[in-house]
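Under full-length UniProt numbering, think of the first position of the sequence shown as 1, with each following residue one higher.
Hints are not guaranteed to be accurate.
[To be verified] The calculated label-pair distances, taken between Cβ atoms and stated as ranges, are: (1) Ser72 <-> Thr26: 14 to 24 Å; (2) Thr26 <-> Asn117: 35 to 45 Å; (3) Arg11 <-> Val119: 13 to 23 Å; (4) Lys116 <-> Glu71: 34 to 44 Å; (5) Thr113 <-> Leu77: 13 to 23 Å; (6) Thr26 <-> Asp59: 12 to 22 Å; (7) Asp82 <-> Thr103: 13 to 23 Å; (8) Ile83 <-> Tyr42: 21 to 31 Å; (9) Leu76 <-> Thr148: 34 to 44 Å; (10) Arg118 <-> Pro21: 34 to 44 Å; (11) Lys37 <-> Leu76: 25 to 35 Å; (12) Thr107 <-> Lys84: 22 to 32 Å; (13) Ser25 <-> Thr107: 37 to 47 Å; (14) Gly115 <-> Leu20: 36 to 46 Å.
[Said to hold, decoys possible] Think about it this way: if two alpha-carbon atoms lie no more than 27 Å apart in a straight line, the pair counts; the simulated DSSO-like pairs of lysine-lysine are: (15) Lys84 <-> Lys116; (16) Lys116 <-> Lys37; (17) Lys116 <-> Lys137; (18) Lys84 <-> Lys137; (19) Lys93 <-> Lys37; (20) Lys109 <-> Lys137; (21) Lys116 <-> Lys93; (22) Lys116 <-> Lys144; (23) Lys144 <-> Lys84; (24) Lys84 <-> Lys32; (25) Lys144 <-> Lys37; (26) Lys116 <-> Lys32; (27) Lys109 <-> Lys93.
No lab work stands behind these hints: they were computed from the structure.
Note that the structure is a prediction, hence the values are computed from the model and not measured.
Note that CB positions come from ideal geometry on N, CA and C, so glycine has one too.
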Amino acid sequence: MTKKENGEYLRVVEVEAYVLPGNPSTPVIMLKLEEDKELTLYYVPYEIVEAINLMGGVDLSIKKIIGRDRESIFDLLASHEDIKNLLSQDLEKVVIDELDIETGLFTAKVFFTDGKNRVVRRMIPSHAVFLAVMSGKPIFVEKKLAETQNYRA
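Let the hints inform the model, and build the full structure from the sequences given.
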C-alpha cells in the first residue's frame with residue numbers, strides 16, 4: 001500500500017478486460033488491487049478491451065466476442081514500438097482518485113515527467129489504464145473508492 005498526501009492508495013496488481021454477456025453486452029475493465037480489493041470500470045470502449053487483450057496475447061475476435069474487420073487508434077498505438085518506447089520514458093504512473101457522485105464517473109490522473117518537468121493530465125480511466133498497460137507503468141486506486149464500490153457490490 002502506498003501513502004500519499006491526501007489518502008491511501010492501493011496498487012493495481014492485475015488488469016482484466018472482458019465483455020460481460022447480456023443484451024446489450026457490457027465491456028468491463030476489472031482492476032484487481034492490493035488487499036484483495038477490486039475496482040470495476042463498466043461500459044468502457046470495446047476497442048480498449050480488445051487492445052488490452054491483444055497486448056496480453058488474447059485475440060477476442062477468435063472467440064467471436066468482438067469483430068476484427070478494422071483497427072482502432074488503440075490498436076495502432078499498442079503496435080507502434082516508437083510510441084510505446086516514448087510513452088514508457090515519459091509516463092510515470094496512473095492514479096484513479098476521483099468519483100463524481102452525480103454522474104457516477106471516475107476520473108484518472110496520468111503523471112508524465114521528462115526528468116525536469118511534471119505534467120498531470122485528467123483522463124477517462126479506461127484510456128489511462130490502456131496507456132499504463134501499454135507502457136508497463138503502475139496504476140494506483142484511492143483506497144476509499146475501492147472500498148465504496150466493494151461495499152455497494
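To see whether the hints hold, each was checked on the structure:
1. In this structure the hint that serine 72 and threonine 26 lie 14 to 24 Å apart at CB holds, the actual value being about 18 Å.
2. The supplied range of 35 to 45 Å is met by threonine 26 and asparagine 117, whose beta-carbon atoms lie about 39 Å from each other.
3. Our hint of 13 to 23 Å for arginine 11 and valine 119 holds, since their Cβ atoms are close to 22 Å apart.
4. Restraint check, lysine 116 to glutamate 71: a C-beta distance of roughly 35 Å satisfies the suggested window 34 to 44 Å.
5. Distance hint for threonine 113 and leucine 77: a CB-CB separation of about 20 Å, consistent with the stated range 13 to 23 Å.
6. Hint check: threonine 26 to aspartate 59, Cβ distance near 20 Å, so the stated range 12 to 22 Å holds.
7. Distance hint check: the CB atoms of aspartate 82 and threonine 103 are about 36 Å apart, inconsistent with the given range 13 to 23 Å.
8. At about 28 Å, the CB distance of isoleucine 83 to tyrosine 42 agrees with the hint of 21 to 31 Å.
9. Taking 34 to 44 Å as the suggested C-beta distance range, the pair leucine 76 and threonine 148 conforms, at roughly 35 Å.
10. Separation of arginine 118 from proline 21 is about 42 Å and conforms to the stated range, judged on CB atoms against 34 to 44 Å.
11. Here the CB-CB span from lysine 37 to leucine 76 is close to 33 Å, well matched to the stated 25 to 35 Å.
12. Between threonine 107 and lysine 84 the beta carbons are some 24 Å apart, a value that agrees with the proposed interval 22 to 32 Å.
13. A hinted range of 37 to 47 Å is violated for the C-beta pair serine 25 and threonine 107, which are about 25 Å apart.
14. For the pair glycine 115 and leucine 20, the supplied restraint of 36 to 46 Å holds, since their beta-carbon distance comes to about 42 Å.
15. Distance check on the hinted pair: lysine 84 and lysine 116 sit about 21 Å apart at the alpha-carbon level, within 27 Å; holds.
16. With a CA separation close to 35 Å, the supplied pair lysine 116 and lysine 37 exceeds the 27 Å bound.
17. Distance hint between lysine 116 and lysine 137 is fulfilled; the C-alpha atoms sit about 19 Å from each other, no more than 27 Å.
18. A distance of roughly 11 Å separates the Cα atoms of lysine 84 and lysine 137; the hinted pair therefore holds under the 27 Å criterion.
19. Restraint check for lysine 93 and lysine 37: satisfied, since their Cα atoms lie roughly 19 Å apart, inside the 27 Å limit.
20. Using a Cα cut-off of 27 Å, the hinted pair lysine 109 and lysine 137 holds, with the two alpha carbons roughly 13 Å apart.
21. Restraint check: the Cα-Cα separation between lysine 116 and lysine 93 comes to about 16 Å, which is no more than 27 Å; the hinted pair holds.
22. Taking the CA atoms of lysine 116 and lysine 144, the gap is near 32 Å; set against the 27 Å cutoff, the hint is violated.
23. Of the pairs offered as hints, the one joining lysine 144 and lysine 84 is violated, with about 32 Å between alpha carbons and a cut-off of 27 Å exceeded.
24. For the hint pairing lysine 84 with lysine 32, the CA-to-CA distance comes to about 24 Å; that is within 27 Å, so the pair holds.
25. Between the alpha carbons of lysine 144 and lysine 37 the distance comes to roughly 11 Å, so the proposed pair stays at or under 27 Å and holds.
26. Under the criterion of a C-alpha separation no larger than 27 Å, the hint pairing lysine 116 with lysine 32 is inconsistent with the structure, at around 32 Å.
27. Taken as a hint, the lysine 109 and lysine 93 pair is honoured in the structure, with Cα atoms around 8 Å apart against an allowance of 27 Å.
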